Amino acid sequence: MSLIVLLTDYGYKDPYVGVIKGVIKSINPRAEIIDLTHGVGRHNVREGALILKSSAKYFPKGTVFLAIVDPGVGSSRRAILIKTRNYILVGPDNGLLSLLALEDGIQEVYDIGGSKYRLEKVSGTFHGRDVFAPVAAYASLGVPLGELGVRVEPGSIQVIDIPRPVVEGGAVKARVIYIDVYGNLLTNIPMTLVSELGWRIGDTLVVEAGSTSKECRLTTSFSLVEEGGLACYESSFEYLELGVNKGDASRELNLSLDDEVILKPARLGR
Amino acid sequence: MSLIVLLTDYGYKDPYVGVIKGVIKSINPRAEIIDLTHGVGRHNVREGALILKSSAKYFPKGTVFLAIVDPGVGSSRRAILIKTRNYILVGPDNGLLSLLALEDGIQEVYDIGGSKYRLEKVSGTFHGRDVFAPVAAYASLGVPLGELGVRVEPGSIQVIDIPRPVVEGGAVKARVIYIDVYGNLLTNIPMTLVSELGWRIGDTLVVEAGSTSKECRLTTSFSLVEEGGLACYESSFEYLELGVNKGDASRELNLSLDDEVILKPARLGR
Amino acid sequence: MSLIVLLTDYGYKDPYVGVIKGVIKSINPRAEIIDLTHGVGRHNVREGALILKSSAKYFPKGTVFLAIVDPGVGSSRRAILIKTRNYILVGPDNGLLSLLALEDGIQEVYDIGGSKYRLEKVSGTFHGRDVFAPVAAYASLGVPLGELGVRVEPGSIQVIDIPRPVVEGGAVKARVIYIDVYGNLLTNIPMTLVSELGWRIGDTLVVEAGSTSKECRLTTSFSLVEEGGLACYESSFEYLELGVNKGDASRELNLSLDDEVILKPARLGR
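Chains as they are written, first to last, in my numbering: chain V, 610 to 879; chain X, 610 to 879; chain P, 610 to 879.
Hints listed in this document are in silico derivations from the structure and should not be mistaken for laboratory results. Every value quoted in this text rests on a predicted model; they were computed, and no experiment measured them. Wrong hints could be hidden among the right ones.
One copy or any two copies: either way a pair holds, since identical chains are not told apart in the list.
With a cut-off of at most 35 Å between alpha-carbon atoms, the simulated DSBU-like pairs for lysine-lysine come out as follows [as the list claims (entries may be wrong)]: (1) Lys730 - Lys823; (2) Lys823 - Lys622; (3) Lys725 - Lys692; (4) Lys692 - Lys730; (5) Lys662 - Lys782; (6) Lys855 - Lys666; (7) Lys782 - Lys666; (8) Lys662 - Lys823.
Based on the provided sequences and hints, a complete structural model is requested.
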């Protein structure tokens with residue numbers, strides 16, 4: 610099996626994703642292509658990086674991830690291929706691949722901007738089609754990586770960070786780092802921090818968002834609080850998430866991407 | 610071929626569907642995955658059930674349907690696998706699978722909530738990934754169903770109903786049970802009732818929606834009435850549908866999902 | 610490999626695309642199906658035709674294109690299959706297939722409206738499922754085209770046109786023929802005309818849209834102008850496109866599909 614997984618901010622209206630699949634199938638007719646998502650927020654490199662990092666472990670070893678959130682296409686940003694312990698990542702060198710690469714362990718990095726496997730004519734606006742897709746397709750065919758590009762220092766790639774939450778006197782100043790279609794709010798609080806703070810399933814927390822303050826139960830699923838109630842629980846991204854049972858936490862708390870939100874145990878008072 | 614067909618209310622923004630495909634391909638690399646739709650209205654179990662029932666017959670015998678519209682995830686609702694005459698259905702036991710199961714004929718039902726084929730770590734919020742996808746993938750590999758879960762009584766599954774229309778003096782009080790992207794309105798009037806009432810192609814009907822009343826031609830396609838005209842015809846769901854030629858019947862009649870609509874022959878008067 | 614590529618205006622909410630895939634896989638279990646896009650503007654035959662023409666060359670020789678933007682379904686419009694030099698095209702005879710067919714070179718045309726390979730029951734509203742999908746699936750199996758339909762004159766197919774821009778004294782009166790999800794504006798100015806006019810990379814143009822007038826740099830990528838700046842460049846559709854670096858040209862210039870836009874060299878004055 611040669612599995613190629615796509616993540617882009619191309620959306621679903623335009624033929625861009627379809628054309629990329631055509632390029633891949635023209636090069637490797639046996640490639641199987643899976644859409645991780647094309648709904649990454651426009652130009653939101655950090656969101657794409659977070660999704661890649663959280664999702665990759667569910668795909669088989671050897672999967673090629675072709676990821677494109679590329680506001681700098683046609684400028685001097687590099688195009689890279691990263692071989693990690695389990696995967697091959699192809700995309701722009703703007704941090705998009707970095708969270709997954711660092712988590713899985715970087716083995717080799719190649720600059721593929723001038724790859725001889727690019728399409729004959731390379732546009733200034735659609736490197737997904739002209740550079741990334743053909744290189745990913747040839748990688749899935751098993752072409753030696755050294756032929757696909759020029760080897761560069763792993764330390765030279767652009768890295769982005771998920772901001773860390775700040776702990777002050779038992780309260781956690783966090784940020785909203787993802788909002789899903791249900792309005793569930795992903796915070797940047799890793800579950801390990803939840804343990805360290807001694808918060809336990811069943812505890813009541815207070816959530817402060819702007820001038821709003823609400824109680825929230827620490828639980829294992831939003832469906833375990835009363836309808837319309839606010840819950841916090843381990844998300845599928847391995848961070849703490851805020852959700853409303855059969856409701857929309859984003860609307861309820863009036864929180865948008867990157868907004869600050871403070872969580873603390875109710876016993877500390879409001 | 611092992612074909613797995615997905616239906617969810619996950620939408621297209623988030624990576625949830627992509628991750629499910631990763632889980633499936635990790636277990637059964639030969640599985641072929643088709644998206645029926647991920648646009649089911651959020652938590653709208655009945656809409657999902659209706660789509661499944663209407664669509665399944667177009668898929669090959671042996672297809673595994675993995676369906677997830679699951680507001681009760683993480684609560685005590687069961688997770689089930691149903692073997693029907695032609696298919697295998699996997700999903701929550703909340704009625705989602707029931708319309709298709711009853712139509713195709715239930716042979717065996719299994720409770721898979723504690724299946725040994727679940728992922729090692731089962732979250733409280735994403736059973737699509739942790740329970741349903743692995744069980745569906747192993748089913749597509751031909752693992753005996755008795756190994757996937759605990760056999761239970763077919764009569765124990767949750768069943769939902771499409772509400773039946775009420776006939777009074779030649780008029781039919783119906784409901785809107787689905788609205789498609791074109792604004793076509795699916796009613797709960799089965800085509801068999803249309804025959805029983807003696808309504809024939811070419812007849813003029815009167816459609817009453819709230820305080821609005823419009824004439825409507827019974828035809829075989831919306832394209833056979835004048836542009837902007839209202840037509841009723843057999844939908845692809847096997848119920849009577851209302852549509853406007855090159856227009857939007859939902860907007861025209863100001864009708865939303867579950868609203869009441871009355872149809873009667875024009876010869877009965879308004 | 611038998612590759613079938615889908616383009617429709619069905620959108621992503623309804624099960625229509627999924628059902629078509631079920632029909633195809635029931636007939637040809639080895640068919641591989643790729644979505645080019647289902648986001649064509651509702652009933653916008655010209656947009657669909659433009660996307661087909663611009664995208665097909667990225668798919669392997671022998672690909673079957675199944676394209677459905679079909680406001681006249683159920684009326685007397687023909688259903689056709691066109692064999693071109695490299696591809697097989699299946700869809701309604703309303704111009705949708707014509708731009709690609711003419712560009713690739715028409716070899717044979719068949720009327721498939723009465724094909725014996727249609728589904729047994731043909732609805733009046735969903736020929737995608739009942740006529741086009743089965744014929745495309747059997748074509749992908751290698752059934753002789755003469756068995757799929759009745760051969761007709763190539764000259765009898767409906768043809769649509771991309772309107773041509775008008776050149777007057779060095780200025781070009783153009784139209785917006787496509788707007789992508791980023792708000793980039795595709796004009797009907799072919800790159801060949803740009804060369805003929807002697808416009809060169811680095812030139813400054815003036816763009817007039819309604820009462821708005823803006824300067825615009827002719828470049829190879831929107832990312833090469835300053836953030837928020839207007840650029841024009843060769844699009845991935847081989848026409849001149851207007852885009853704003855990290856912005857939305859459609860909103861910036863207040864331009865919608867089919868609107869007029871005038872471009873001229875800045876040296877001509879405003």
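Numbers of unmet hints, in rising order: none
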